[in-house]
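Trainee: Single-letter residue listing:
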Amino acid sequence: MNFITLSYWDIAVAGLLLMFNAGLSVAFQLGLEKRLLIAGTRMVVQLTMVGLVLKALFAVASPLFTSLAALAMVLFAVLEAMARQDRRFEGYWSYGIGTSAMMAAGLIVTVFGLTTQIHADPWYDPRYAIPILGMILGNTMNGVSLGLDRLVNGAHTERAGIEAQLMLGADIGRALQGVRSAAMRAGLTPIINSMAAAGLVSLPGMMTGQILAGVAPVEAVKYQILIIFLIAGGTGFGTFVAVISASRRLTDARQRLRLDRLRAKLND
Amino acid sequence: MLKIRRLTRPGIAPLDLDLAEGECISIGGPSGAGKSLMLRSIVDLDPNEGEVSLMGRARDAVPAPDWRRRVVYVPAEAGWWADRVETHFDDPALAAPLMMRLGLAADALDWQVARLSTGEKQRLAMVRAFLTSPQVMLLDEPTSGLDPEATAKVEAMLHERRGEGVAMVLITHDADQAARMATRHFQMNAGELSLVEQGQGAGPGTKRQGAGPGTKRQGAGQGTKGQGTKTP
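As you go down the protein sequences, you meet chains A and B in turn.
Okay, so the first sequence: first residue is 1 according to the working numbering, each after it adds one.
Okay, so the second sequence: first residue is 1 according to the working numbering, each after it adds one.
Rather than coming from a laboratory, the hints here were simulated on the basis of the structure.
In this text, all values refer to a predicted model and were calculated from it rather than measured experimentally.
It is possible that part of the hints are untrue.
Said to hold, decoys possible - One-sided and incomplete, this derived list gives chain A residues near chain B with beta-carbon spacing under 8 Å:
(1) M167
(2) A170
(3) G173
Note that beta-carbon positions come from the ideal geometry of N, C-alpha and C, so glycine has one too.
Taking the hints into account, I'd like the entire structure generated from these sequences.
Mentor: Laid out in structure tokens, this is it:
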């Protein structure tokens with residue numbers, strides 16, 4: 001593989017663009033310069049640290065450390081997804097549902113990809129496992145958080161209609177059918193859209209990266225397609241697990257709608 | 001027929017109630033006293049405690065959807081889950097004759113829910129409830145948005161059902177309606193259900209004096225608490 005190694009100087013020059021943006025913000029009194037600089041600095045520090053962590057992980061290639069890293073990634077994804085929820089369940093249910101959905105989807109799909117298509121050796125080789133898990137988790141997190149948000153808010157706003165069906169003897173599955181499918185749609189729409197636009201509107205980042213690193217375009221495309229399938233599978237599965245478990249938590253053995261298990265909206 | 005023992009939930013003191021076949025009782029009392037919460041508890045829409053049985057069959061032994069078809073609750077404000085009226089009926093053909101009896105246009109089935117008036121919604125919700133063939137109907141201000149003519153139609157249909165043995169609980173702020181429809185009158189105050197004694201001379205809550213303190217009185221200086229409803 002032939003790729004052009006970047007010097008720190010190259011990166012600093014590109015960073016000038018950010019300084020230029022900050023300058024614009026100062027000149028036009030947009031008040032963005034501070035946030036731009038903080039976000040830019042965070043990005044540099046976080047990625048540098050990840051680079052170091054990955055270097056160490058790849059060097060030891062130990063199943064224990066790889067799984068610890070994977071666990072940490074899942075937990076960060078859960079925190080991030082939960083930060084985007086308007087309404088959460090009482091207690092730790094939201095975290096429980098988020099963690100189990102992302103853990104199940106992320107791990108199952110990653111292991112499936114590693115063992116049956118990528119044939120990494122050993123299959124838990126962090127050089128393959130961590131980046132793939134990362135890509136799957138990033139998308140699954142979006143699906144789970146959009147799906148949960150839509151489900152819980154939908155149950156809240158459509159309470160009268162849901163309970164009207166219950167009062168007429170519908171079972172809870174039928175009464176929740178509308179919000180549940182809207183939640184699944186909300187979770188899956190981004191990945192469906194990005195599949196539809198892939199290659200036409202945007203060149204997916206992973207493929208671009210491989211091409212820059214000297215991989216032949218057709219090979220990079222094959223990889224990208226595989227990854228998109230894994231991502232779509234993980235997102236669909238994770239959203240499904242999250243929406244189904246959350247809708248179970250929204251009801252009980254007597255088929256009631258249990259909105260009392262939700263906390264009040266955060267930003268009310 | 002419907003037997004309730006020590007039914008309670010937050011906001012409702014434990015209450016006992018028995019309804020005979022074809023019987024209709026009325027419940028009055030200020031808004032927020034817990035009347036609707038009580039009906040929601042009977043149909044098991046919210047967590048509650050106590051024993052409820054219908055024809056000797058315990059509520060817990062009946063799957064919740066079956067229970068709610070037998071003991072149907074018609075809330076003051078009906079909920080809708082689709083845009084078109086028709087979608088809310090399993091068999092719209094069965095709904096049409098009932099709708100006409102309640103003074104609704106036959107083509108209302110094709111309408112959008114959004115264009116229905118309060119009174120139309122109320123009557124459609126009543127039709128929906130009738131179609132589940134309930135044994136008990138819990139009616140939460142069923143005619144509050146209706147003109148006298150439509151009210152009479154709804155009452156006539158309810159009377160007919162009572163004749164067929166359907167028992168009813170009627171929440172109403174209209175003392176005359178309570179007198180027309182119900183044989184026993186109750187009052188809910190701050191979560192306490194109490195029987196309004198009858199035959200207390202000119203006491204409140206009796207049929208002749210229906211507009212007495214048992215109902216909401218507007219503009220009267222002494223407020224709305226029913227003095228005639230104290231329980232020992």
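Trainee: Now, for every hint given, state plainly whether the structure supports it.
Mentor: Against the structure, the hints come out as follows:
1. M167: Hint holds; A/M167 Cβ to chain B Cβ min 5 Å, cut 8 Å.
2. A170: With a closest approach of 6 Å, the A/A170 hint holds.
3. G173: 10 Å, violated
The structure shown violates just one earlier hint, number 3.
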